Amino acid sequence: MPTTLGELADRFDCKIRGNPEIIIDSVGTLLGATPNAISFLSNPAYIKQLKTTRAGAVILEERHQDLCPVPALVAINPYAVYARVADFLHTPKVVIDPYIHPTACISEDAKVADSSRISAHAVIGPGAEIGESVVISEGCIVGAKVTIGSKTRLAPHVVLMSGVEVGKRCIFHSGVVCGSDGFGFAHEDESWIKVPQLGGIVIGDDVEIGANTTVDRGTIENTVIEDGVKLDNLIQIGHNVHIGAHTVMAALCGIAGSTVIGKRCMFGGAVVAVGHLTICDDAVFTFHSTILKSITEPGTYSGALSVDKSPRWRRNAARFKTLDSLIRFGRGTLEKETDE
Amino acid sequence: MPTTLGELADRFDCKIRGNPEIIIDSVGTLLGATPNAISFLSNPAYIKQLKTTRAGAVILEERHQDLCPVPALVAINPYAVYARVADFLHTPKVVIDPYIHPTACISEDAKVADSSRISAHAVIGPGAEIGESVVISEGCIVGAKVTIGSKTRLAPHVVLMSGVEVGKRCIFHSGVVCGSDGFGFAHEDESWIKVPQLGGIVIGDDVEIGANTTVDRGTIENTVIEDGVKLDNLIQIGHNVHIGAHTVMAALCGIAGSTVIGKRCMFGGAVVAVGHLTICDDAVFTFHSTILKSITEPGTYSGALSVDKSPRWRRNAARFKTLDSLIRFGRGTLEKETDE
Amino acid sequence: MPTTLGELADRFDCKIRGNPEIIIDSVGTLLGATPNAISFLSNPAYIKQLKTTRAGAVILEERHQDLCPVPALVAINPYAVYARVADFLHTPKVVIDPYIHPTACISEDAKVADSSRISAHAVIGPGAEIGESVVISEGCIVGAKVTIGSKTRLAPHVVLMSGVEVGKRCIFHSGVVCGSDGFGFAHEDESWIKVPQLGGIVIGDDVEIGANTTVDRGTIENTVIEDGVKLDNLIQIGHNVHIGAHTVMAALCGIAGSTVIGKRCMFGGAVVAVGHLTICDDAVFTFHSTILKSITEPGTYSGALSVDKSPRWRRNAARFKTLDSLIRFGRGTLEKETDE
Numbered sequence: 001m002p003t004t005l006g007e008l009a010d011r012f013d014c015k016i017r018g019n020p021e022i023i024i025d026s027v028g029t030l031l032g033a034t035p036n037a038i039s040f041l042s043n044p045a046y047i048k049q050l051k052t053t054r055a056g057a058v059i060l061e062e063r064h065q066d067l068c069p070v071p072a073l074v075a076i077n078p079y080a081v082y083a084r085v086a087d088f089l090h091t092p093k094v095v096i097d098p099y100i101h102p103t104a105c106i107s108e109d110a111k112v113a114d115s116s117r118i119s120a121h122a123v124i125g126p127g128a129e130i131g132e133s134v135v136i137s138e139g140c141i142v143g144a145k146v147t148i149g150s151k152t153r154l155a156p157h158v159v160l161m162s163g164v165e166v167g168k169r170c171i172f173h174s175g176v177v178c179g180s181d182g183f184g185f186a187h188e189d190e191s192w193i194k195v196p197q198l199g200g201i202v203i204g205d206d207v208e209i210g211a212n213t214t215v216d217r218g219t220i221e222n223t224v225i226e227d228g229v230k231l232d233n234l235i236q237i238g239h240n241v242h243i244g245a246h247t248v249m250a251a252l253c254g255i256a257g258s259t260v261i262g263k264r265c266m267f268g269g270a271v272v273a274v275g276h277l278t279i280c281d282d283a284v285f286t287f288h289s290t291i292l293k294s295i296t297e298p299g300t301y302s303g304a305l306s307v308d309k310s311p312r313w314r315r316n317a318a319r320f321k322t323l324d325s326l327i328r329f330g331r332g333t334l335e336k337e338t339d340e
Numbered sequence: 001m002p003t004t005l006g007e008l009a010d011r012f013d014c015k016i017r018g019n020p021e022i023i024i025d026s027v028g029t030l031l032g033a034t035p036n037a038i039s040f041l042s043n044p045a046y047i048k049q050l051k052t053t054r055a056g057a058v059i060l061e062e063r064h065q066d067l068c069p070v071p072a073l074v075a076i077n078p079y080a081v082y083a084r085v086a087d088f089l090h091t092p093k094v095v096i097d098p099y100i101h102p103t104a105c106i107s108e109d110a111k112v113a114d115s116s117r118i119s120a121h122a123v124i125g126p127g128a129e130i131g132e133s134v135v136i137s138e139g140c141i142v143g144a145k146v147t148i149g150s151k152t153r154l155a156p157h158v159v160l161m162s163g164v165e166v167g168k169r170c171i172f173h174s175g176v177v178c179g180s181d182g183f184g185f186a187h188e189d190e191s192w193i194k195v196p197q198l199g200g201i202v203i204g205d206d207v208e209i210g211a212n213t214t215v216d217r218g219t220i221e222n223t224v225i226e227d228g229v230k231l232d233n234l235i236q237i238g239h240n241v242h243i244g245a246h247t248v249m250a251a252l253c254g255i256a257g258s259t260v261i262g263k264r265c266m267f268g269g270a271v272v273a274v275g276h277l278t279i280c281d282d283a284v285f286t287f288h289s290t291i292l293k294s295i296t297e298p299g300t301y302s303g304a305l306s307v308d309k310s311p312r313w314r315r316n317a318a319r320f321k322t323l324d325s326l327i328r329f330g331r332g333t334l335e336k337e338t339d340e
Numbered sequence: 001m002p003t004t005l006g007e008l009a010d011r012f013d014c015k016i017r018g019n020p021e022i023i024i025d026s027v028g029t030l031l032g033a034t035p036n037a038i039s040f041l042s043n044p045a046y047i048k049q050l051k052t053t054r055a056g057a058v059i060l061e062e063r064h065q066d067l068c069p070v071p072a073l074v075a076i077n078p079y080a081v082y083a084r085v086a087d088f089l090h091t092p093k094v095v096i097d098p099y100i101h102p103t104a105c106i107s108e109d110a111k112v113a114d115s116s117r118i119s120a121h122a123v124i125g126p127g128a129e130i131g132e133s134v135v136i137s138e139g140c141i142v143g144a145k146v147t148i149g150s151k152t153r154l155a156p157h158v159v160l161m162s163g164v165e166v167g168k169r170c171i172f173h174s175g176v177v178c179g180s181d182g183f184g185f186a187h188e189d190e191s192w193i194k195v196p197q198l199g200g201i202v203i204g205d206d207v208e209i210g211a212n213t214t215v216d217r218g219t220i221e222n223t224v225i226e227d228g229v230k231l232d233n234l235i236q237i238g239h240n241v242h243i244g245a246h247t248v249m250a251a252l253c254g255i256a257g258s259t260v261i262g263k264r265c266m267f268g269g270a271v272v273a274v275g276h277l278t279i280c281d282d283a284v285f286t287f288h289s290t291i292l293k294s295i296t297e298p299g300t301y302s303g304a305l306s307v308d309k310s311p312r313w314r315r316n317a318a319r320f321k322t323l324d325s326l327i328r329f330g331r332g333t334l335e336k337e338t339d340e
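Residue numbers (my numbering), protein chains in the order written: chain A, 1 to 340; chain B, 1 to 340; chain C, 1 to 340.
Pulled out of the complex, with its shape left as it was, chain A reads as follows (with noise of 0.2 Å):
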């Protein structure tokens, strides 16, 4: 869908910086942007890139307009910007194509709005309900007494166990299982008696969930995941946790059962926490934190053996370091080692 600069100026309410005529009708990075691309300056790192970049235009920040060697979108919030013009110059606007595949298999009592699209292979239960304009892609399986949102797309492949309940214009992707078993056993003598898992799954709107990750249902209330939620690829959300709205994770965190986590947290690839903790709203855990304790305050918090505030953290990881050599040696020759 190509346009113009100024066209993407007016519409995003950017300032526009050079020629508003030129062609813009695709987006590329700062290295491999041709004349007729958009790109964009978001992390400081990549100012050299910048520099020698032969996009034809660039959206970033106003305190970086000089360095650009052509012409410039200049917003407050540069990769929001992108985020939307890649969106407008990309994502055919086309209308879903709504059908059902003749391979599908629909319970009879299945509610499935006309606007909807029901791929191949495809298996919808009983009591089921799906949105207006939803997409259900080849080889899902859909639960009895599922309820999707308008507008929500399941990539191949998704699982929704039954009752699981799904907000609007959520993105699933493939092999994300909703609803399996909490993992609930009770001891007795030497072996494990199953816990029924007798809860259900509540996802908000514009949940976003990675390939094969999983969240398991309630034991006996319900695992929430709140409106905007964002789960990478491979995650854990165990029975009974609560992610408050817009909490971001990256891929292969693990949240053990009843957890609950407030709005706005931001979790690193590969952070686990421990079950039954209260974290507060925005929360911050670097990559491969470990979460052993509650946290009540807001803050960035790292640590691999137990999460600390970050610049503790990084302190004493540094003089980890160093630990053989100040027992073997004393303090001396420790601040050579902690510099490398």
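Please keep in mind that the hints were generated in silico from the structure rather than gathered at the bench.
Treat each hint with caution, since some may be false.
Identical chains blur together in the list; that is why a pair holds if it fits in one copy or across any two.
[Stated by the list, open to error] The calculated lysine-lysine pairs, modelled on BS3-like cross-linking and capped at a C-alpha distance of 30 Å, are:
hint : residue 1 : residue 2
1    : 194       : 51
2    : 48        : 15
3    : 194       : 48
4    : 263       : 145
5    : 293       : 51
6    : 321       : 263
7    : 194       : 15
8    : 168       : 145
9    : 263       : 194
10   : 168       : 309
Predicted model only: the values in this text are computed from it and were never measured.
With chain A fixed as given, assemble chains B and C onto it according to the hints.
Same frame as chain A, but now just chains B and C:
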């Protein structure tokens, strides 16, 4: 399936405290239970909730009975009794409705018991043997010569590759893959030659495997999972691992090839073990432990660097949090920070 | 496919020790092999088993031949020879029986080579190109414009999203998802705007990807996996990661977005790397390492906090186990505990 408290006491062999005539029709949490629901107290951390519960009754230990404001079932192991009560009240006792969905593809020489259920888009390979009252859910792939014992249930999208043997009363959740090739390659020059993975997998009775967990087939001999093992979601079991009876693992654990694990072990979430180890019976590993050496003595182990006896690990990890202060300022400031 | 030891020696260019006429019909472990099975010794830890083996023959290095109580094939790289012998003895040499299962859904304008096999419930999207002798197993979803090189095999339930390019002779195990969206969101106010993931994935020849592993598509440019890479189960490869030829990763690794990994690297299990790093050729990371910085020098690295050269990591980790004693009692008690 409504009943009375007295009926539950009789059926599950508990002492009763309070009115045996009250009607119980469901289970609930201490906080959320309504007057016809029964709850339980197993973790003393919830005593505060017990004191204000509005449940119809609570299952608890004798030592807690005087704290309970409502009728109670008194039991030695309240959680086990709860598991049975919840199953009794909530699990439909219908006989499985045996059928073969018309979209299922069943090899001509597979043996499928008449009492089993084969759901939509399932595939059963040549020579497979499916026992009595087995449930094969939507989209499951059961490879050639797989055997499945009676009453085992596969959730949607389970894959059992050729030759996998599964016992009775097992539950495999969605996305489980059993029988993928182990990760075996011989280094030659700068590339890798695939080592054929010729072994199988033998899984005992009463095993539960969580969503998207993977179990690799053996290289020459079998990967073995004994009776009563419970594996949570997103766990990796490498080739030729042997897991002893009644061992449990929470989500995101990984056991590398040829490690032999004893009976009744307990692995918290995200515990990882290198290959070729031997872990004795009754070893317990806390959350996010790293097992780099064989364990010869029952007990509780912890440690993200390399497991140690848990109390020692905890003391060292607490000291780690003060390492920088120690080195900078000497021991004087240490205790304060440790106490934090 | 029974043969003689002499025939194996000839075919795989080994020296023979003992009777070349003995019949070999299978492979076995040193402990379990029967008199017509051939075993191997590659890891000296198993020398004790060699001495009592009842195998028909053993593949081993010259330096171990005098320890072997049975005939032997002497080779420089016994494990590589074993891999070839096992393949020769056990892998059926039948030509793939090409067919298209009647339940498969193949888009009219997909190109499927006549020699390929498309199994039950597989779906091939518009514009896809499936090469010669490709095996697409049950329930695989091959998206629009995907290309798959000759002799590649997809196990059941593999998902390749639109535009993914796969080379020749690859093996993808069950549950692999390639081409799910990268995890890209722009922060605005307190919520997140999805950044369209417009790049693809390019996978070279002879790549093996383990069960339930996920590979995300690039944001603008491609995610790239070069020839001969081997990825184990439950690995996450983020958007725009580039993995150099013949690099291997054991299970549960995670590589965050835009990290570039060199050739011939080796990642033990559960190694995680943050994004935007550069890792040079021939770097080795031991089990459960955490990579937080770029690696510029080949060598072996370890460390759950942040990788270090392995010997230094090991010394420091050993000292960690004595940290509490050190602080409480001074250096005197240290050595004893370290030795434990």
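Evaluation of the provided hints:
1. For the homomeric pair residue 194 and residue 51, the shortest alpha-carbon distance between copies (27 Å) is at most 30 Å, but the shortest distance inside one copy (62 Å) is not.
2. For the identical chains of this complex, residue 48 and residue 15 are intra-copy neighbours only, at 23 Å inside a copy versus 59 Å across copies, given an alpha-carbon limit of 30 Å.
3. In this assembly of identical chains, the alpha carbons of residue 194 and residue 48 lie at most 30 Å apart only when taken from different copies (26 Å versus 58 Å within one copy).
4. In this homomeric assembly, residue 263 and residue 145 come within 30 Å of each other (Cα to Cα) only inside a single copy, at 28 Å, whereas the closest approach across copies is 39 Å.
5. In this assembly of identical chains, the alpha carbons of residue 293 and residue 51 lie at most 30 Å apart only when taken from different copies (25 Å versus 46 Å within one copy).
6. Taking the closest pair of Cα atoms, residue 321 and residue 263 come within 30 Å of each other only across two copies (28 Å); inside a single copy the shortest separation is 35 Å, beyond that limit.
7. In this homomeric assembly, residue 194 and residue 15 come within 30 Å of each other (Cα to Cα) only across copies, at 23 Å, whereas the closest approach inside a single copy is 62 Å.
8. Within a single copy, residue 168 and residue 145 get their C-alpha atoms as close as 16 Å, and across copies as close as 29 Å, so both meet the 30 Å cut-off.
9. Taking identical chains as interchangeable, the C-alpha atoms of residue 263 and residue 194 lie at most 30 Å apart only when they sit on different chains, with a minimum of 18 Å there against 33 Å within one chain.
10. Proximity of residue 168 to residue 309 under the C-alpha cut-off of 30 Å is found in neither arrangement, the shortest distances being 36 Å within a copy and 49 Å between copies.
Comparing the model with each numbered hint stated earlier shows that hint 10 is the single one that does not hold.
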